[in-house]
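Enquirer: Letter by letter, the chains look like this.
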Amino acid sequence: MLRYVFRRLLTAIPTLFVIVTMAFFLMRVAPGGPFNQERGLSPEIKANLEAQFGLNDPLWLQYVHYLGNLLRGNFGPSYNMPDFTVTELFAKGLPISVQLGASALILALLLGSVLGTIAALNQNKLGDYTVIALATAGSTIPTFVIAPVIQLLFGLTWKLLPIGGWGDGAFINKVGPVLTLALPQIAIVARLMRGSMIESLRSHHIRTARALGLSDWSVVVKHALRGAILPIVSFTGPAAAALLTGSVIVETIFSIPGVGRYFVDAALNRDYTLVMGTVVVIAIFTIIFNLIVDVMYAVVDPRVRYD
Amino acid sequence: MATPETILSVKDLRVRFRTLDGAVEAVKGINIHVNAGETVAVVGESGSGKSQTMMAAMSLLASNGEATGSVDYRGRNLLTLSKSDLNKVRGAKISMIFQEPMTSLDPLYSIGNQLIEPIRRHRGLNAAEAREEALKLLRLVHIPDPERRMKSYPHEMSGGQRQRVMIAMALANDPDILIADEPTTALDVTIQAQILMLLAELQRKLGMAIVFITHDLGIVRRFADRVYVMRQGEVVEEGDAEAIFVNPQHAYTKMLLAAEPTGTKAPPPANAPVVLEGRNVEVTFKIGGGFLAGEPLMLRAVDDISIRLQRNQTIGIVGESGSGKSTLGRALLRLLPSDGLIRFGDRDISTADRQQMRPLRRQMQLVFQDPFGSLSPRMTVGQVITEGLLVHEPNLSGKQRDQRAVEALLEVGLDPNARNRYPHEFSGGQRQRIAIARAMILKPKMVVLDEPTSALDRSVQKQIVELLRKLQADHELSYLFISHDLSVVRAMADYIIVMKQGKIVEEGPTEAIFSNPQHVYTQTLMAAAIDVTRFRLSA
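Each protein sequence line maps, in turn, to chains A and B. Heads up: the first sequence at position 114 corresponds to 147 in the working numbering, and the numbers run straight through without jumps. Heads up: the second sequence at position 459 corresponds to 463 in the working numbering, and the numbers run straight through without jumps.
Mixed in with the good hints, there may be bad ones.
[What the hints assert, rightly or not] Only pairs whose alpha carbons sit at most 25 Å apart, straight line, appear in this in silico PhoX-like list of lysine-lysine:
| id | chain 1 | residue 1 | chain 2 | residue 2 |
| --- | --- | --- | --- | --- |
| 1 | B | Lys92 | B | Lys258 |
| 2 | B | Lys290 | A | Lys255 |
| 3 | B | Lys209 | B | Lys140 |
| 4 | B | Lys32 | B | Lys15 |
| 5 | B | Lys92 | B | Lys15 |
| 6 | A | Lys255 | B | Lys155 |
| 7 | A | Lys158 | A | Lys255 |
| 8 | B | Lys87 | A | Lys255 |
| 9 | B | Lys403 | B | Lys32 |
| 10 | B | Lys290 | B | Lys504 |
| 11 | B | Lys87 | A | Lys158 |
| 12 | B | Lys403 | B | Lys466 |
[To be verified] Have a look at the derived ranges for each label pair, beta carbon to beta carbon:
| id | chain 1 | residue 1 | chain 2 | residue 2 | range |
| --- | --- | --- | --- | --- | --- |
| 13 | B | Leu129 | A | His237 | 24 to 32 Å |
| 14 | B | Ser67 | A | Val62 | 55 to 63 Å |
| 15 | A | Arg336 | B | Phe21 | 51 to 59 Å |
| 16 | A | Met34 | B | Pro300 | 47 to 55 Å |
| 17 | B | His396 | A | Pro271 | 29 to 37 Å |
| 18 | A | Met34 | B | Lys474 | 45 to 53 Å |
| 19 | A | His237 | B | Gly267 | 52 to 60 Å |
| 20 | B | Lys290 | A | Arg336 | 52 to 60 Å |
| 21 | B | Lys15 | A | Asn157 | 29 to 37 Å |
| 22 | B | Thr266 | A | Asn157 | 29 to 37 Å |
| 23 | A | His237 | B | Phe21 | 46 to 54 Å |
Just so you know, these hints were derived from the structure itself, not from any lab. Positions of the beta carbon are idealized from the N, C-alpha and C atoms, including for glycine.
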């Protein structure tokens, strides 16, 4: 197993390299540059700025410099927020995004699994239809609708939650954004869980468990649920990578100082270093969570062995 | 002997399934009883309701099924017991083993864990005591090295061993009745015999009653005291096992008894042209390997096999699962990469690529075991069987193709109107006829038949065997007949190759192989098959 993890981490290096390379050059293919939109920037100043950031060097040289810096853990300065380096921006924003994302993910996994199991046990009965209806609603109503509705109802009408802001991480400030992030995920998890649970309940070894006179609890939780959890495990990898790196919409609507907004802002402003930083962070998260998923698979299912 | 005590009595049991097409009655008011310590067989073909009868008794019906009537176990009606009372009977007093040893154990828990759970539940033992019991049970069912096996997972064991574990679980709480639902059908013949011996031995030791649900008359003849013959949800005949075999009353029972394929196939003349020849054919599969994963494991599935198939010849390839017989069939058709020489007619096709093989494909066809999975459910039967014509005879008009479909369906004994219907509307035997029509429509020279009768009921098997014979006689076809079923092979093939672990262990004319098997493995295979199918009164 350790050998497998080590091998996977080694293969992550060329993967990251390819991602960084592609992102670097694709970014440069897009027209414009970081200082094109500054209003009233005289050509001399622009030239000066570009010279200072090395943007006049040939592209390959910039690439080599960037890689060199990256290897030393230096993401470079942000072009549009010149007071900060990319590393500083992430140091400030990433913990916030990770907190929200992780809370939403845990909530989604717990609630979604329970709902999906309830639906499966009541297949084609009222409980099932209710869960399916909720899940369909949850996955079709977009976040930018859910978020303002939560703000309106809980914030303005009932005054239970703050409308927005981070409030230095106070619990009450997290409720709205976490709910908004979690709702669509709950829906997805519930549907996945329902499907795999129905299949699991029909399997032969469940029939065996029933024929042995085991209790419903043991049949459902010990035998059916453990088998049904595998699709959820594989879903969790990419979902975690996406949730933990922040959401543009949720962070914008709730004014959360996370990292989710950077990607869009930076891309629009051709903030090369910030875009690259975001790409690297998302890539690392994705690689790590996929690895965790594969390890979890082996933990849950003894048939999966890596050696 | 005193009057035996009746411990289970099924009265006027009806099982109904709600389906989209309305209610389907699978069991239509049957009466069955089981006496203490006896062996009862419930015999029937697929769809006879034999399994559903026992599923209903154990409250294991699918969620759309419902049972009425009564199933009396020692004075209590199992159908109306509360779930918690029922769970005190299931697995304790009445237990069950199933047809599918590969999937009937939970893949995620160790054997020990799965054995201990029902013991603790029904007997309230602590973990250490239950573990001792579990070990005892594994020894009882002759699992070697039980200490180590307690920690094994199901996927680490063979089908036969898994069925032994299932039996151990079923016997864990010293039941009155063991219901065995086709317990050996999914196993190789040599393993079948071992499992049946084990059940007989355990019955002698522990004295429980056994209910065999089976389609296999060999098992009935060998083990049962009394028999119920079921057909379409009804019991058509019941009585003493011996009496039923000697003097069957109902026409259906007679038909079942006569359903064993008979006859032999004469070999082709020695100078008949060779249709397909393989010399030193080898197929190797690579397992694992890759970046930092070390050397891949090379598995030789077909190991240095030479074979010569003449016109109008049937070569039976016999072996247990994993022996490489299907792989060999596929390699000879160049559906798998292989080493060695393969000739079709006088043409060397060892290195022919897909493009070069395409014109030859129509002459070399393949029929699979599974008549349910091998026909596309979204195409009409007409489309299924004429699809090959689109590739191989693209110049035919739609009308001509349709005419060919009619001819092919008539040839395999189906109504030509079948071509406008979909595969799911047909039974297993009819589907296998459709699959054969799909091969025959191209007028092939040779057909590889990969277990074409294994998924079918005995009576249907016999019809398919007869159809294949007739087609062979009409068209001078050559067959490569892959099967684990010795009685079918004996009826079909004039030459037999016995395979084990990718190698030929014995080959020769059918009668020679059957009357005088030389290799130990062939002898074991024969003995196992004969043990199950031949009547021996004093077991």
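Enquirer: Each hint needs a verdict: does it hold in this structure or not?
Expert: How the hints compare with the structure:
1. As the CA atoms of lysine 92 of chain B and lysine 258 of chain B are separated by approximately 41 Å, the hinted pair breaks the 25 Å bound.
2. Of the pairs offered as hints, the one joining lysine 290 of chain B and lysine 255 of chain A is violated, with about 36 Å between alpha carbons and a cut-off of 25 Å exceeded.
3. Restraint check: the Cα-Cα separation between lysine 209 of chain B and lysine 140 of chain B comes to about 14 Å, which is no more than 25 Å; the hinted pair holds.
4. A distance of roughly 11 Å separates the Cα atoms of lysine 32 of chain B and lysine 15 of chain B; the hinted pair therefore holds under the 25 Å criterion.
5. In summary, the hint linking lysine 92 of chain B to lysine 15 of chain B is supported, as the alpha carbons are separated by about 22 Å, within the 25 Å threshold.
6. About 18 Å separates the Cα atoms of lysine 255 of chain A and lysine 155 of chain B, which keeps this hinted pair within 25 Å; it holds.
7. For the hint linking lysine 158 of chain A to lysine 255 of chain A, the alpha-carbon distance of about 24 Å falls within 25 Å, and the restraint holds.
8. For the hint linking lysine 87 of chain B to lysine 255 of chain A, the alpha-carbon distance of about 18 Å falls within 25 Å, and the restraint holds.
9. Distance check on the hinted pair: lysine 403 of chain B and lysine 32 of chain B sit about 46 Å apart at the alpha-carbon level, beyond 25 Å; violated.
10. As the CA atoms of lysine 290 of chain B and lysine 504 of chain B are separated by approximately 20 Å, the hinted pair is consistent with the 25 Å bound.
11. A hinted pair counts as satisfied when its Cα atoms are at most 25 Å apart, and lysine 87 of chain B with lysine 158 of chain A qualifies at roughly 20 Å.
12. For the given pair, lysine 403 of chain B sits about 34 Å from lysine 466 of chain B by alpha-carbon distance, which is inconsistent with the 25 Å threshold.
13. In this structure the supplied range 24 to 32 Å holds for leucine 129 of chain B paired with histidine 237 of chain A, their Cβ-Cβ distance being about 27 Å.
14. Between serine 67 of chain B and valine 62 of chain A the CB atoms are about 57 Å apart, so this pair conforms to the stated range of 55 to 63 Å.
15. For the hinted restraint 51 to 59 Å between arginine 336 of chain A and phenylalanine 21 of chain B, the CB-CB distance of approximately 33 Å leaves it violated.
16. Checked against the hint of 47 to 55 Å, the pair methionine 34 of chain A and proline 300 of chain B fails, with Cβ atoms roughly 20 Å apart.
17. Judged by the Cβ atoms, the range 29 to 37 Å given for histidine 396 of chain B and proline 271 of chain A is violated: they are separated by roughly 45 Å.
18. Checked against the given bound of 45 to 53 Å, the beta carbons of methionine 34 of chain A and lysine 474 of chain B, roughly 58 Å apart, lie outside it.
19. The given range of 52 to 60 Å is broken by histidine 237 of chain A and glycine 267 of chain B, whose C-beta atoms sit roughly 38 Å from each other.
20. Judged by the Cβ atoms, the range 52 to 60 Å given for lysine 290 of chain B and arginine 336 of chain A is violated: they are separated by roughly 20 Å.
21. The beta-carbon spacing between lysine 15 of chain B and asparagine 157 of chain A, approximately 31 Å, falls within the hinted interval of 29 to 37 Å.
22. For the pair threonine 266 of chain B and asparagine 157 of chain A, the beta carbons lie near 49 Å from each other, so the given range of 29 to 37 Å is not met.
23. At about 19 Å, the CB distance of histidine 237 of chain A to phenylalanine 21 of chain B disagrees with the hint of 46 to 54 Å.
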